[in-house]
Amino acid sequence: MRSVSIIGAGLTTFGEHWEKSFRELIAEAGIQAIQDAGVSGGQIEAIYGGAMASGRFIGQEHIGALIADQLGLNPIPSVRLEAACASGGVALRNAYLAVASGMYDIVAVGGVEKMTEVSTEDAGFALGGAGDQETELFMGATFPALYALLARAHMEEFGTTEEQMAAVAVKNHKNAVNNPFAQYRREITIEDVMKSGYVASPLKLLDCSPITDGAAAVIIASSDVAKKVCENPVEILASEQASDSLALSKRKSLTELDATKVAVKQAYERTGLKAKDIDFAEVHDCFTINEILATEDLGFFKKGEGGKAVEKGKTALGGEIPVNTSGGLKAKGHPVGATGVAQAIEAYWQLRGAADKRQVKDAEYGLTHNVGGSGATAVVNIYRRLEK
Amino acid sequence: MTTGFPPLLWRRFPERYTLAGNKCETCGTSYFPARKVCPNCRRRGKLVDESMPRKGKIVSWTQCFVGPTGFEHETPYFVAIIELENKVRLLAQLVDSDEKKVKTGACVEKVFRKINDADKSGPIAYGYKFKIVG
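Quick note, the sequences are listed as chains A and B, same order.
The first sequence lines up with residues 1 to 388 when you count with the numbering used here.
The second sequence lines up with residues 1 to 134 when you count with the numbering used here.
Since the hints were made in silico from the structure, they are not lab data.
Quantities reported herein were computed from a predicted structural model and do not represent experimental measurements.
Among the clues, some could well be false.
Computed list of lysine-lysine pairs in PhoX-like fashion (alpha-carbon distance at most 20 Å, straight line) [stated by the list, open to error]:
hint, chain 1, residue 1, chain 2, residue 2
1, B, Lys87, A, Lys252
2, B, Lys87, A, Lys250
3, B, Lys55, A, Lys250
4, B, Lys131, B, Lys57
5, B, Lys131, B, Lys87
Taking CB as the label site, the calculated pair distances span [claimed, not checked]:
hint, chain 1, residue 1, chain 2, residue 2, range
6, B, Leu8, A, Val177, 39 to 49 Å
7, B, Val133, A, Met1, 55 to 65 Å
8, A, Asp356, B, Glu85, 53 to 63 Å
9, B, Leu8, A, Glu121, 11 to 21 Å
10, A, Glu121, B, Arg113, 15 to 25 Å
11, A, Lys195, B, Val37, 40 to 50 Å
For glycine and all other residues, C-beta sits at the position ideal for the given N, C-alpha and C.
Just chain A, same shape as in the assembly:
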């Protein structure tokens, strides 16, 4: 396995892009990434794209070919990968594997979703495809309901409170104020969250990530090539993925996501790092409870302590382990197929010292955590600055 690094990144703003189409978003992010990497389009050998439900959202499939065409990169091979909300993370991981294997030297990775062109009900049904349609969504479960079932179990087993979950949203909104790409660049209070009304008890509207349009792209290369073409590349030290049952009711435990635990264990083993070595993390806070689960399952806090940790500011910028400096899915926005790639971009910027007012001081190691559905897929990556 060869060492692999990120050499360029491109991101659209996240939000409601009524004026831009799916293909314009992907082209905007992709072209930026190629320019940022300082390579020519002709040097790119393959494309890996992540999109979850473009067929349901805009009636378009065959996204691999669409991306290659829009970026003017025909005839190189281009493929779209789907793993629900982890589509972007899975696309990045497969691109990483292709470069690590020696098959390619320079590869483009994209993630995209255009979610605002359908009604909220239709968006809900499209996103429901991330769960078990036949046995759980069919019975009336929604995605907020699935995470609410996890939240209730965590509250009853560990005493986690609704205010602690609200603290996740408050922190992530505060971080998003300093992220020019974020959908919601405004602070909210615990009271705002508590008063926002139940979607699926105990989860309220402001515990939920929004419906978002956006695209993200990175260029990755073998680290030997990266050192030649890039001033300060960011190495992907590990990219690990794990699977679990599609149906939430079939999980071994409702207070953890086993796929996260398996993926991060492998990532720590591969890198020789421990949770305490990580300087910052972008985690999958599709619902606030999932950031609490993630900070425990990734090993930053003991099981059951995640709620208290966020309440005490341990995951805030300047805290013990800053989590979701970008604003996370909650406030940066969650264009599902783009999220995994956008998380990698935050890590890339943080490790290059380019995160401006949300910069984590002296960051050396970063981690990203991307979840599909209610935890049937998890991708965990670890990154570091590449010393030349």
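Put chain B on the given structure of chain A with help from the hints.
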């Protein structure tokens, strides 16, 4: 919405009407819905038909205030993860139950109900829901 497509509903009648699942005779684990392979034993497994018990208890629950297509008119409604007496877990709606009695650990029993009629021109879907007993 494709959940109202007749064969999709028809194929699931035994499962949704009578909680028909199966059991691996090698390791003794019950499965609902029925599986084609036992994840514990894989090719050493021997799966035989088994009906699930009708009773169980609530493991976790939520009250949905925003319903998906086909459930808009039912909000707010309860959804729970239920552990049946043979340890099999499934997700279902709770109906005909006193709201105050909806809590983790409460005993529930299977009832047969309409699930939804999302597709106005197609068949109505029926299946299991649960109600609190005792």
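Going down the list of hints, with the structure as the test:
1. With a CA separation close to 11 Å, the supplied pair Lys87/B and Lys252/A stays within the 20 Å bound.
2. Distance restraint check for Lys87/B and Lys250/A: the Cα-Cα separation of roughly 11 Å lies within the 20 Å cut-off, and the hinted pair is therefore satisfied.
3. Of the pairs offered as hints, the one joining Lys55/B and Lys250/A holds, with about 18 Å between alpha carbons and a cut-off of 20 Å not exceeded.
4. Annotation: proposed proximity of Lys131/B to Lys57/B holds, straight-line Cα distance about 10 Å (limit 20 Å).
5. Taking the CA atoms of Lys131/B and Lys87/B, the gap is about 18 Å. The hint holds against a cut of 20 Å.
6. Evaluation of the 39 to 49 Å hint for Leu8/B and Val177/A yields a pass: the beta carbon distance comes to about 47 Å.
7. Look at Val133/B against Met1/A: about 57 Å separates their beta carbons, and that is inside 55 to 65 Å.
8. At about 58 Å, the beta-carbon gap between Asp356/A and Glu85/B stays in the expected band of 53 to 63 Å.
9. Between Leu8/B and Glu121/A the Cβ separation comes to about 20 Å, which falls inside the hinted range of 11 to 21 Å.
10. At roughly 22 Å, the beta carbons of Glu121/A and Arg113/B sit within the given window of 15 to 25 Å.
11. Between Lys195/A and Val37/B the beta carbons are some 49 Å apart, a value that agrees with the proposed interval 40 to 50 Å.
When held up to the earlier numbered hints, the structure conflicts with none and fits them all.
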